[in-house]
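Residue strings, one per chain:
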Amino acid sequence: MRTVRLIARLDIKAPNLIKGIHLEGLRVIGDPNVYARRYYEQGADELIYMDIVASLYERNSLTDIVEKATRNVFIPLTVGGGVRSVEDARKLLASGADKVGLNTAAVRRPALISEIAQRFGSQAVVLSIEAKRSGPVHWEAYTDNGREHTGLDVVTWAKRATELGAGEILLTSVDQEGTRKGFDVALVRAVTDVVSIPVIASGGMGKIDHLMEVIRDGHADAVAMADVLHYNRTTLDAIRREVLAFDAPVRRVA
Amino acid sequence: MTQKSVVVVDYGMGNVLSVCRAFQNQGANVALTGQAGEIAGAERLILPGVGAFGDCMKALEQRGLVEPILEFLRSERPFLGICVGMQILMDAGDEFGGYPGLGLFPGRVVQIASQSADGATRKIPHIGWTPIAPPESATDHRWAGTMFEGTPRQTPFYFVHSFTAAPLNATDVLASAYYAGAHVTAAIGRDNITGVQFHPEKSGPAGLALIERFLSL
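Chains as they are written, first to last, in the numbering used here: chain L, 1 to 254; chain Z, 1 to 217.
In isolation and in its complexed conformation, chain L is listed as follows (with noise of 0.2 Å):
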């Protein structure tokens, strides 16, 4: 039986743990070690830290925040925003990093991902892919924040990345993202039907139906959620109790 693991999502713009709507329109929350611990704290399965202002203003401001996790914060942390190079990857790896998550240096030349890879190994690298629905069952990969458009479409660009040697993928729905109405299930399955690797389903949890739906009929392998955790509206723990009410493969914690 497969686990589906629950992941709290944090965006950074440096120094603040922010979030908007469909990655735009971004609110500050507030500390994000504060929330990491928080989430911690609740039994979190892992944290996914992603800078998103790193990649349009070309630089790294999340490896002080991570560095100042692993004090306390003892689960995997996927890092992400920004990384263009395999030196990027290893600072953040250094600086406590279990895995780091790639979107626009990967679209702008895929080698990278292999190159990050044979160096860290696959396990070390999420492809993290920003889906727009384009048609009813098409969808195209965006950068910054669902800003630019990539003319790839995510299921040839999810395959093609998992050949050069991804080991995850972080599955974005921009329509969803930030709305609380429910995960874009038909793209999460449109993946998780052709790839070899692990998924995490992003963007849109509002309650438990939710990811009941994206996990049964997803198959999705994670679920990272945001907006849910950060405005207190429910507690990872309650969270995992329901699903597991449900019988859902995840976690338990005692």
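Hints in this document: simulated from the structure, not taken from any laboratory.
A quick note: this is a predicted structure, and the numbers were derived from the prediction, not measured.
For every residue, glycine included, the Cβ atom is placed at its ideal position computed from N, Cα and C.
Every clue listed holds true.
Derived SDA-like pairs (lysine to any residue); straight-line CA-CA distance at most 20 Å:
no.	chain 1	residue 1	chain 2	residue 2
1	Z	Lys123	L	Ser114
2	L	Lys68	Z	Gly27
3	Z	Lys123	L	Val194
4	L	Lys91	Z	Leu32
5	Z	Lys58	L	Arg119
Computed Cβ-Cβ distance ranges for the label pairs, DEER-style:
no.	chain 1	residue 1	chain 2	residue 2	range
6	L	Arg252	Z	Ser116	18 to 26 Å
7	L	Val28	Z	Ala138	52 to 60 Å
8	L	Glu115	Z	Gly97	14 to 22 Å
9	Z	Gly97	L	Lys159	24 to 32 Å
10	L	Arg252	Z	Gln3	33 to 41 Å
For the chain Z half of the interface with chain L, some residues (derived, Cβ under 8 Å), not all of them:
no.	residue
11	Asn15
12	Ser114
13	Gly128
14	Thr130
15	Ala180
16	Gly207
We have chain L; now place chain Z onto it with these hints.
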């Protein structure tokens, strides 16, 4: 009580910062080093490791650390190998054409099959929290006196790997796990030597409790 001290082998492989921080969080005095003398003379030794089996062995060889580690292992002081740091305790690894390991436990490190017996696809790498238990062939006392003593059976720990150790001696297996129907060796152990495939430093409170127990061995 005096502070426990551990040496973490620094050979350029893996998220050593997280390993150090987890041991520090449990009150240990941690030294991260690639110095042969400090490694051989450590009170307790931790060998982390991430990436390919052969790359890890090559990195140890290039830094002249194989002999100091073997010297430490003969000392009967507590040793913990994590992830590939556990795998290289075996005879050899199959990854990328095969590479000899430290040979402390008979058996090889083999790829987890990407298909289950019924033909279903099994996603590789195995990433996630998977419950562990003593192997079925072991007695209920298998964990007594080890770092697993007091750990409830079926406690989930965080795994991320594509290869698994296949010890020839069933008695070397300390803990087993099942990932999508595939048996994986979660831990091996004999005398002062323990190796864990999962990451205790990334396994939340359960992982920290294991680390605490290792420090009291």
